[in-house]
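**Q** The primary structure of each chain is shown beneath.
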Amino acid sequence: EAAVTQSPRSKVAVTGGKVTLSCHQTNNHDYMYWYRQDTGHGLRLIHYSYVADSTEKGDIPDGYKASRPSQENFSLILELASLSQTAVYFCASSAGGETLYFGSGTRLTVL
Amino acid sequence: GDSVTQTEGLVTLTKGLPVMLNCTYQTTYSPFLFWYVQHLNEAPKLLLKSSTDNKRTEHQGFYATLHKSSSSFHLQKSSVQLSDSALYFCALRISGSFNKLTFGAGTRLAVCP
Chain U
1 EAAVTQSPRS
11 KVAVTGGKVT
21 LSCHQTNNHD
31 YMYWYRQDTG
41 HGLRLIHYSY
51 VADSTEKGDI
61 PDGYKASRPS
71 QENFSLILEL
81 ASLSQTAVYF
91 CASSAGGETL
101 YFGSGTRLTV
111 L
Chain R
1 GDSVTQTEGL
11 VTLTKGLPVM
21 LNCTYQTTYS
31 PFLFWYVQHL
41 NEAPKLLLKS
51 STDNKRTEHQ
61 GFYATLHKSS
71 SSFHLQKSSV
81 QLSDSALYFC
91 ALRISGSFNK
101 LTFGAGTRLA
111 VCP
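Residue numbers (the working numbering), protein chains in the order written: chain U, 1 to 111; chain R, 1 to 113.
Treat the hints with care, as some may be off.
Below, simulated DSSO-like cross-link-like pairs (lysine-lysine); rule was C-alpha separation at most 30 Å, straight line [unchecked claim]:
1. R:K77 to R:K45
2. U:K11 to R:K45
3. U:K57 to R:K45
Under 8 Å between C-beta atoms, here's a sample of chain R residues computed to sit facing chain U [to be verified]:
4. P44
5. N99
6. K100
7. L101
8. G104
No lab work stands behind these hints, which were simulated from the structure alone.
Yeah, the Cβ is synthetic: ideal placement off N, Cα and C, and Gly gets one too.
Construct the complete structure from the given sequences, taking the supplied hints into account.
**A** Dropping the structure here:
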C-alpha cells in the first residue's frame, strides 16, 4: 500500500522562528504536494512538485518555501513562522493519475 | 478561477437514514471530480472519483453521479452507519493541472445511534 510519512506529527513553534516539516514517500510517485487544513477552508494547496529539484507554487504559497531534494523527500519550510500559520499540514503523493495518497498530517501550533 | 462549493458544514443524521452531501463546482475546463473522506485524526482517503457525465460511480455503499449540465457531484448513501461519521471533501481536478486538486470546505457528517 502507498506510504507517505510525515514528521514531526506535531510541533509547537515560536513566532519568528524557522520551522521545517518533512515528508517521505515510498510509492515511487513523481508528484508531491503540501496542503494546509483549516476549519471552514478545507484543504488548500501550498506548494507542489512533479520532479526532484523543482517545486511549484500552489494557491497559497506566501510565507512558505518548499524543497524536493529527491523523488522520495519533500519539505515545507516556514522561514519566519507566524500565528496565522497555525494549522494541520498534509503531504501527499501521486503517480500523476487521479488518486492522492496523504500522510497522517502535522499539527503545527505557532505561539 | 476553479472552485468547489459544499453548502453544508455539518450534517447530523440518525443511523439507518439516507444522506446526500452537496457538491457543485465551477470550471471552464474538462472536470474530474473526487470525494475524499477523513475520519477523526486520520489522513484523507479517496472515496469516489468520476469524469464521466451522467454515470453513477459507487464505493463502500456510497455513490455519486457527475452531472456536467448542473456542475454537480453530490455524494449519497441509502443508509448511514455510525462508522460513516467523518469529514467529507469534494475536490476538482482539471486536465493538464499536474494533478492539482481544488478542495471544497468539507462537510462533517455526524451519525447518531
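**Q** Take the hints in turn and mark each one as holding or not.
**A** Here is how each hint holds up against the structure:
| no. | hint | verdict |
| --- | --- | --- |
| 1 | R:K77 to R:K45 | holds, 17 Å |
| 2 | U:K11 to R:K45 | holds, 24 Å |
| 3 | U:K57 to R:K45 | holds, 24 Å |
| 4 | P44 | holds, 5 Å |
| 5 | N99 | holds, 5 Å |
| 6 | K100 | holds, 6 Å |
| 7 | L101 | holds, 6 Å |
| 8 | G104 | holds, 5 Å |
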